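Participant: Sequence:
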Amino acid sequence: MLFSRFTDPFEKRVYKFFHKISTKSSHLKIQKELLSLMEEDLVRTNLLLEWKFKGYKNLKKRHRAKLYSNAKLLTEDFLGFVQFYETHELEENQRLEPEKYLDLIRQYLHPSRNLKYKAGSSFQHLLRDPSKETLTGDCNQITTLYIYLYSLRHSITDLQLKVPEGHVCLHSNGEDLETTAGEWTLHPKYKRITNIEEIIPINLLDISDQSERQHQLSSMTRLKAAELAYQLSKERKLVEHNLRVAYHNCSIEQLEKDNFGKALKYAHASENKKLIKKIIHDQAISFLKKDQFSRARKNFRKINSVSGLKSADQYELKYYLDKIADCKTITDYKSKKSELRTIKKLAQKLDRKKVIQFCNEVLKKI
Numbered sequence: 001m002l003f004s005r006f007t008d009p010f011e012k013r014v015y016k017f018f019h020k021i022s023t024k025s026s027h028l029k030i031q032k033e034l035l036s037l038m039e040e041d042l043v044r045t046n047l048l049l050e051w052k053f054k055g056y057k058n059l060k061k062r063h064r065a066k067l068y069s070n071a072k073l074l075t076e077d078f079l080g081f082v083q084f085y086e087t088h089e090l091e092e093n094q095r096l097e098p099e100k101y102l103d104l105i106r107q108y109l110h111p112s113r114n115l116k117y118k119a120g121s122s123f124q125h126l127l128r129d130p131s132k133e134t135l136t137g138d139c140n141q142i143t144t145l146y147i148y149l150y151s152l153r154h155s156i157t158d159l160q161l162k163v164p165e166g167h168v169c170l171h172s173n174g175e176d177l178e179t180t181a182g183e184w185t186l187h188p189k190y191k192r193i194t195n196i197e198e199i200i201p202i203n204l205l206d207i208s209d210q211s212e213r214q215h216q217l218s219s220m221t222r223l224k225a226a227e228l229a230y231q232l233s234k235e236r237k238l239v240e241h242n243l244r245v246a247y248h249n250c251s252i253e254q255l256e257k258d259n260f261g262k263a264l265k266y267a268h269a270s271e272n273k274k275l276i277k278k279i280i281h282d283q284a285i286s287f288l289k290k291d292q293f294s295r296a297r298k299n300f301r302k303i304n305s306v307s308g309l310k311s312a313d314q315y316e317l318k319y320y321l322d323k324i325a326d327c328k329t330i331t332d333y334k335s336k337k338s339e340l341r342t343i344k345k346l347a348q349k350l351d352r353k354k355v356i357q358f359c360n361e362v363l364k365k366i
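Here the working numbering is used: position 136 in the sequence shown is 136, and no number is missing along the way.
Label pairs and their computed distance ranges (CB to CB):
1) Asp291 - His268: 21 to 29 Å
2) Pro9 - Arg113: 31 to 39 Å
3) Thr23 - Asp77: 38 to 46 Å
4) Ser4 - Lys72: 17 to 25 Å
5) His27 - Gln83: 34 to 42 Å
Listed below are the simulated DSS-like cross-link pairs for lysine-lysine, each with C-alpha atoms no more than 25 Å apart in a straight line:
6) Lys310 - Lys349
7) Lys354 - Lys334
8) Lys52 - Lys66
9) Lys265 - Lys20
10) Lys353 - Lys336
11) Lys302 - Lys274
12) Lys345 - Lys290
13) Lys344 - Lys323
14) Lys354 - Lys323
15) Lys72 - Lys100
16) Lys328 - Lys344
17) Lys318 - Lys289
18) Lys349 - Lys334
19) Lys302 - Lys318
20) Lys365 - Lys354
21) Lys118 - Lys189
22) Lys60 - Lys12
23) Lys290 - Lys302
24) Lys52 - Lys24
25) Lys349 - Lys302
26) Lys262 - Lys302
27) Lys29 - Lys234
28) Lys289 - Lys278
29) Lys318 - Lys365
30) Lys334 - Lys365
31) Lys189 - Lys234
32) Lys118 - Lys191
33) Lys323 - Lys336
34) Lys336 - Lys290
35) Lys310 - Lys323
36) Lys278 - Lys290
37) Lys336 - Lys365
38) Lys66 - Lys132
39) Lys132 - Lys60
40) Lys262 - Lys277
No lab work stands behind these hints, which were simulated from the structure alone.
All values derive from a computational prediction rather than experimental measurement.
Glycine included, every Cβ here is placed at the ideal spot set by N, Cα and C.
Model the full structure from these sequences, guided by the hints.
Facilitator: Below is the structure:
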């Protein structure tokens, strides 16, 4: 894929998957597709998430390819670790049980070997050559790596996530695997036990790595991230708030471009009544400047703007006064009867007595 921004076809599949998700998507269908991608290659799936929705500048195509090479070295090293155990600890034809395999992941990623916890660290710092560098990550990123290594041999649906306040760990067979410490434990206080695929929105909603340079994400990219989290996360209060904020920001961006239709669409989605009113008002002013008086009045009526309706009358009065500005004689005014009647009507609404008087005098003479 020489001229593509993707390193391989799988990256492109992941990208398309994330971008087709909206609040109207089928949750069950999304869940099924996401699990399939995670099972196939969680490393690429999660890194694409960081590239697109975290905006890390260094995650360009070449660097991602390097990280995938590191992930391959890490995978080979881990599988060698597992094979050593199977060769020396298992009897002939004895099968390595999933529970023991998970515990071997714990042993391999134990902080005493080559893992270091760092709050807010991005996933890419775990994708290193284990023979040369220490793997560094926070709780949800380390948990993601555990899930990836588990997927090499077994279905990740064997596992669950436990979510204590501000934290996440693996949950299996009634026990909690504290991935940051590499220890089996039990968290008595927690918010929920949830499906393994929620690790994706957990990573998405996590704070960005402040040590990484980031480019400014567009309001549409932030909206897509919010829609993704809305569909996948069980943190309903948080994701609903984030979605409303994302809609609000998209609305403001479109309003600045005078794209009133799109701005209004996003404002309605944000449920921000003040913003909706502002957009309708600003669109009405735009109509006035284009001499579209009836459309402007329609908008002002929508928001019950008395001052706006008066403004529309003033704009229209000026428009018609300009039309008769070159008239000098009664003969000139004879072709402007319709305009004079409209001017008189508008002047009466605005209580412009001199204009009313002028119109009456001219109309009598013609």
